[in-house]
Amino acid sequence: MASEPTTAPTPPTDSTNHGLRVVVAWLVLSAITTPLVAVYVGPLIPPGNGSVQGQGQVFDNQVMTSLVTPILCLLAVFFAYALIQFHAKRSEALVDGPPLRNDSRVQILWIVITTSMVLFLAGFGTYELLKDGAGGGQGPNPIAFPAHHQSAFQVQVIGQQWEFTYRYPSLGGLESSDLYLPANRDIEIHVTSLDVVHSFWAVELGVKADANPGVDNIAYLQTKGPMTFHVRCAELCGLWHGYMFNNGYVVTQRKFNAWAASQEKIYAAIKPFMDKPPQDGGAPYAHSYLPAPGGGSPQVRAG
Amino acid sequence: MTEAAAVPRPPLWRQLIGFNLLTGIVLGVGGWYAGWFGAHAIAGTSIAYFSESDYNEVSVFLAYIGGVVGFLVGLGFLNYPIQRLRGYPPSLREKETQGWTRYFSLCTDHKVVGIQYLWGIGLFFFVGGLNAMLIRTELLRPNAQVFPAGTYLTIVGVHGTMMMGIMSSGIVGPFANYLIPIMIGARRMAFPRIESFTFWLLMAAATILQTTVFFGGFPTGWTGYAPLSNQANAGMDCYILFFALVGISMTLLGLNMVATILTMRAPGLTWTRLPIFVWGILSTALLMVLAAPVLVATLSMEALDRTAQTHFFIPAAGGSSYLYENLFWIFGHPEVYILALPGFGIILELLPVFSRKPLWGYRLAVAGLLGVTLLSWFVWQHHLFVSGINGDLRPFYMLSTELISIPTGFTFLCGMMTIWRGHIRFTVPMLFCLAWFFNFLLGGLSGVFLSDTPSDVTTHGSFFSMAHFHYTIMGGLVFTFFAGIYYWVPKMTGFQINERLGKIHFWTMFIFFNSTFAPLFAIGFLGQPRRVVTYPSGLQFLNDWVSVSAFCLGISMLIFLFNLVWSLAFVKKPAEANPWASRSIEFQLPSPVPVHNFDRIPVFSSDPYGYGEGPAPSWVPAGAPAGRE
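As given, the protein sequences belong to chains A and B, one line each in that order. Residue 32 in my numbering sits at position 32 of the first sequence; the count goes up by one each step and never skips. Residue 557 in my numbering sits at position 557 of the second sequence; the count goes up by one each step and never skips.
Take these hints with a grain of salt, some might be off.
Unchecked claim - Pairwise CB distance ranges, derived in the manner of DEER restraints:
(1) A:Pro35 x B:Leu323: 45 to 51 Å
(2) A:Lys89 x B:Thr272: 31 to 37 Å
(3) A:Tyr127 x B:Trp566: 55 to 61 Å
(4) B:Tyr103 x A:Leu94: 46 to 52 Å
(5) A:Tyr127 x B:Tyr103: 45 to 51 Å
(6) A:Ile113 x B:Leu561: 52 to 58 Å
(7) A:Asn246 x B:Leu323: 27 to 33 Å
In short, the hints are calculated from the structure, not lab data. Where a beta carbon is used, it is the ideal one built from N, C-alpha and C, also for glycine.
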């Protein structure tokens with residue numbers, strides 16, 4: 001440190017407790033805004049309540065927006081106060097501020113608060129993730145399941161440039177380019193790809209899972225009432241990536257059965273050819289598409 | 001300096017002959033054709049694995065490698081090694097003459113390299129920005145309107161790749177090269193020739209990326225995911241060469257910085273007296289040295305996949321797409337902190353000057369920078385939360401990602417407590433620093449949603465994440481880059497930048513930056529994935545709003561460009577030695593800084609933040625020049 005005596009003009013002593021003012025204003029503002037945000041803004045954040053997993057994400061977003069609102073308020077109050085209160089007058093000569101270099105109490109308080117918020121967020125996120133899988137792709141060996149996943153309805157999503165094909169192992173390997181799902185059921189989605197990396201995104205259901213060639217990427221979903229949703233590819237997959245989308249439908253079990261029966265009727269005409277082995281003129285076909293070694297393969301279950 | 005002026009200048013034509021940019025371009029083009037035809041002679045017509053095009057990938061790679069080698073030879077990078085082999089004595093300095101020609105050649109003066117970087121990076125930043133304008137033009141309508149889908153993907157790819165590649169050196173290149181030796185009281189960088197090498201290599205790389213249009217562009221965006229990159233046409237090779245060369249440039253740049261800061265500090269400059277900017281650069285440089293080689297290795301594997309028929313990343317032949325994703329993000333996540341950390345350094349450096357207060361919590365600020373440096377190595381799989389890789393490690397990566405906000409919070413605390421009770425002057429650089437808090441706060445808080453695995457399921461790969469990283473990188477890096485320009489360019493060039501135009505630039509940029517990127521959060525949540533040429537028609541209003549704001553942001557950049565050229569090339573109002581009343585050592589030197597920085601090596605007695613602690617100490621000893629090193 002410079003050891004010469006101070007010759008610069010000493011700043012006028014300021015007895016106002018600026019810190020207290022900011023803290024009070026911050027607490028008041030946070031107390032008002034946080035409940036408003038939690039009640040009115042948080043629930044508006046997509047994906048919405050189309051599925052149990054989507055609902056879980058909405059709750060997650062609600063908690064996180066409530067948590068970040070006080071942080072936003074602190075910064076807003078702090079900067080509004082500091083920039084108005086402490087700005088130099090235009091005409092004023094250059095005056096140095098007080099040489100405050102440190103305050104270990106402030107540092108410790110800050111570290112404790114940020115650390116506890118971070119640990120809470122990580123703990124909360126982990127809980128929400130492990131509760132039901134949150135709709136995300138988990139790879140061939142999932143770690144988070146919804147309650148009734150043993151009886152889940154299986155759908156295989158096969159990505160290729162530039163469309164998704166949906167295969168229903170429990171319907172004898174029925175394939176469709178439209179995704180129909182029964183309402184109020186646990187669904188086990190197996191996502192894979194035939195060529196490059198795609199990503200299956202059912203927007204309003206809050207489901208996303210990358211489609212990697214040779215990998216069985218499993219995501220869980222619990223549907224609710226009937227609805228229409230959008231499916232988009234969310235990983236850049238080449239020329240027509242922007243056109244790789246279609247609609248999907250959650251329908252009642254009765255309508256689903258009717259749809260499956262009508263599809264099977266259409267399908268019946270080509271099924272004999274598909275079931276033939278390739279050397280006898282049939283297309284290479286299996287009830288479910290088997291990814292290459294290394295990834296798991298979906299179990300074919302009756303029903 | 002005066003002696004140099006007394007020597008009569010040779011005529012222009014004589015100045016153009018020699019080892020300079022012109023020779024470099026001529027030899028570069030020659031080397032390109034030599035490589036192209038040489039490869040055709042060696043490798044026949046086509047050994048492409050996936051591609052159906054009839055030229056072979058080997059010839060593309062060898063042509064560009066030949067071109068780069070020719071370019072560097074033409075600039076004179078072989079002269080010194082050859083002279084040493086022939087027995088000439090070692091020389092530390094080259095081309096440190098006066099005059100404009102040194103800016104177009106291999107020059108070992110770190111100040112010349114800094115200014116070369118500033119204009120070179122500025123040029124390609126502008127090119128990347130034009131690509132952004134084209135992207136927003138296309139997205140004015142929900143369907144493909146202006147560009148075919150392939151062209152659109154190339155534009156998106158070039159925009160992302162150019163910005164990530166070039167702006168990695170955006171602050172380290174111009175400002176660190178110029179200022180680090182001065183700030184630590186040295187006369188040069190540790191490796192001056194390597195310093196120049198990194199710049200010219202970067203320029204060669206950026207040119208190569210632009211030539212991708214002659215080979216059909218590339219469809220992968222800046223991430224270059226395999227196996228899509230394996231089936232892409234030869235434009236992909238330009239991406240691979242660009243990023244690999246950028247990786248080499250970044251590694252060497254970082255190495256040079258680390259070596260300089262570790263070994264060349266002047267007497268008295270202890271670790272707690274270093275300007276915080278130097279700490280910011282040191283942590284960035286450590287990341288560069290360790291992360292960029294991974295990129296070079298990854299892209300070498302990708303190049304082998306495309307030329308020599310290896311199958312590192314081709315699942316159908318036993319490779320793995322996960323391998324590429326892992327390797328890329330092991331580089332890619334430290335990379336985003338390579339972009340952010342120099343910005344932390346700049347705001348912490350500038351806030352004390354414009355608040356007239358010492359930097360608050362110096363050690364905490366350093367801990368924050370080093371903490372981010374360390375933690376950034378443990379978070380990369382948050383880019384792969386829904387990819388199906390390591391499903392059981394997701395809670396760990398969620399925790400490590402959120403932990404990074406603690407050291408980042410140190411930067412916020414130190415910055416905020418520095419302006420607290422200060423005497424704040426709203427100069428243009430200060431405005432950019434204050435905007436950093438706003439932008440980086442929104443960027444950081446939106447990062448909370450992306451780091452949280454359940455919420456990431458919806459936001460991943462959507463416009464939400466795109467808005468997030470534009471808030472952190474453009475709001476964090478580019479705003480501080482401009483703060484640095486307004487703060488240091490008067491020192492670097494000796495001319496003032498018009499303040500009124502600077503303020504117009506700031507306010508238009510701040511408003512339209514937020515108006516451009518804030519709606520993208522909503523667009524992402526509502527289901528628009530990144531890099532699509534089409535979107536649901538219901539999102540057209542928001543997209544149009546964003547596009548119009550983006551065009552206004554482009555106009556704001558033109559205001560800046562006009563201001564810079566107008567102030568530096570036409571008005572030429574001389575800058576004072578210390579226009580900001582700063583205590584930092586670079587402002588104790590005349591503007592522009594003389595060739596050898598210091599007549600005598602300074603001796604430091606404190607850090608440069610002693611505002612309110614008595615008169616500024618003078619570290620630059622007067623006296624006769626100590627002679628050349």
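Do the hints match the structure? See the list:
no. : hint                            : result
1   : A:Pro35 x B:Leu323: 45 to 51 Å  : 48 Å, holds
2   : A:Lys89 x B:Thr272: 31 to 37 Å  : 34 Å, holds
3   : A:Tyr127 x B:Trp566: 55 to 61 Å : 58 Å, holds
4   : B:Tyr103 x A:Leu94: 46 to 52 Å  : 35 Å, violated
5   : A:Tyr127 x B:Tyr103: 45 to 51 Å : 59 Å, violated
6   : A:Ile113 x B:Leu561: 52 to 58 Å : 43 Å, violated
7   : A:Asn246 x B:Leu323: 27 to 33 Å : 31 Å, holds
Violation of the numbered hints given earlier is confined to hints 4, 5, 6; the remaining hints are satisfied by the structure.
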